[in-house]
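These protein sequence lines map, in sequence, to chains A and B.
Numbering that gives the first Met the number 0 numbers the first residue of the first sequence as 0 and each following residue consecutively.
Numbering that gives the first Met the number 0 numbers the first residue of the second sequence as 0 and each following residue consecutively.
Not the full set, but computed from the structure, chain A residues with beta-carbon under 8 angstroms of chain B:
| no. | residue |
| --- | --- |
| 1 | K21 |
| 2 | R29 |
| 3 | L36 |
| 4 | R40 |
| 5 | Q52 |
| 6 | L55 |
| 7 | S106 |
| 8 | H124 |
| 9 | H180 |
Sample of chain A residues lacking proximity to chain B, with all beta carbon distances greater than 10 angstroms (derived):
| no. | residue |
| --- | --- |
| 10 | R16 |
| 11 | D68 |
| 12 | E87 |
| 13 | D115 |
| 14 | F117 |
| 15 | P171 |
| 16 | G173 |
| 17 | T192 |
| 18 | Y193 |
| 19 | E196 |
Worth flagging that the hints you see were computed from the coordinates, not collected in a lab.
Here a beta-carbon is modelled for each residue, glycine too, at the ideal position from N, C-alpha and C.
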Amino acid sequence: MTACDGGRKGGATSVGRTARTKDAFQALARAELSRLLALARRLTRDGPEDLVQEALLRGYLAYASLDADEAAGRWLRVILVNVHRDRERKRARGAEEVPVADAEEFSLYRVLVEEDPFPYSDTLHLDFLHSFTREDVRQVLLRLPEIYRTPLVLCHMEGFSTKEVARMCGAPLGTVLARLHRGRKAFEREMWTYAGEMGLLKHGSAP
Amino acid sequence: MTDPRAPMIPCDVAVRQLWEYVANAVTPADHARIDEHLAICRQCCGEVEFLRHLCELLAVQGTDHVPPEAMRRLDQFVEEL
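This is chain A alone, in the form it adopts within the complex (with noise of 0.2 angstroms):
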């Protein structure tokens, strides 16, 4: 399954409903911490840990309200992205559009083509994509502005849809939309940088 298409979204076939006592938040929330900090640690820089605390205090106030167990632990994540989006807005006073100079026609693609920084591979593409490991992507979404960097780990790594994530960001679909597409060049520009300044590059060709 690709990201973008919502197909993690669940239908209300079978809702259970347990009793939303403190004992069943903690266990959810136990369930649920190694996602919600992984998230946490993609959104922010600035104390990932805090905002899965405020989401968990947010969830635990709201927790009567959740209708299926099934849902949970999205409706944690989406929470999570809450706090996440007002945190924002109180420090940038309104999402504002950066500019990604050059990256609409940025093709990552072509630039490996045309430098070829393993001239003796026959899966050039691939041995780039995994010489990045985990935290090196992680590292590479933080580059990105906050505005393009939120709706990419949402779309593509958490699987909700396009619609969820206008809805989660509080912006029209358009917008959200414009913002992935950018989102997702200037990350392909982003990793050619990144990948030249940490030496993934083994045969030279940094950029």
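Starting from the known structure of chain A, fit chain B onto it as the hints suggest.
Just chain B, lined up with the frame of chain A:
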């Protein structure tokens, strides 16, 4: 679905939409136009393949590991809720 009178789209137009094509986020008409281009363009086919791998790379990150120290602190936080 494509207009038979319309000229085939060039590479630079196709390339701008390939991410969206891979993510199934283009209109049926655009999808058909890109398919038509891909049928004769090896380079764009290669790029589509590459972007699919890039999407997979991103999707896998959804389950990435987290620092154990931070997990311990958060676990404690949940305990004290």
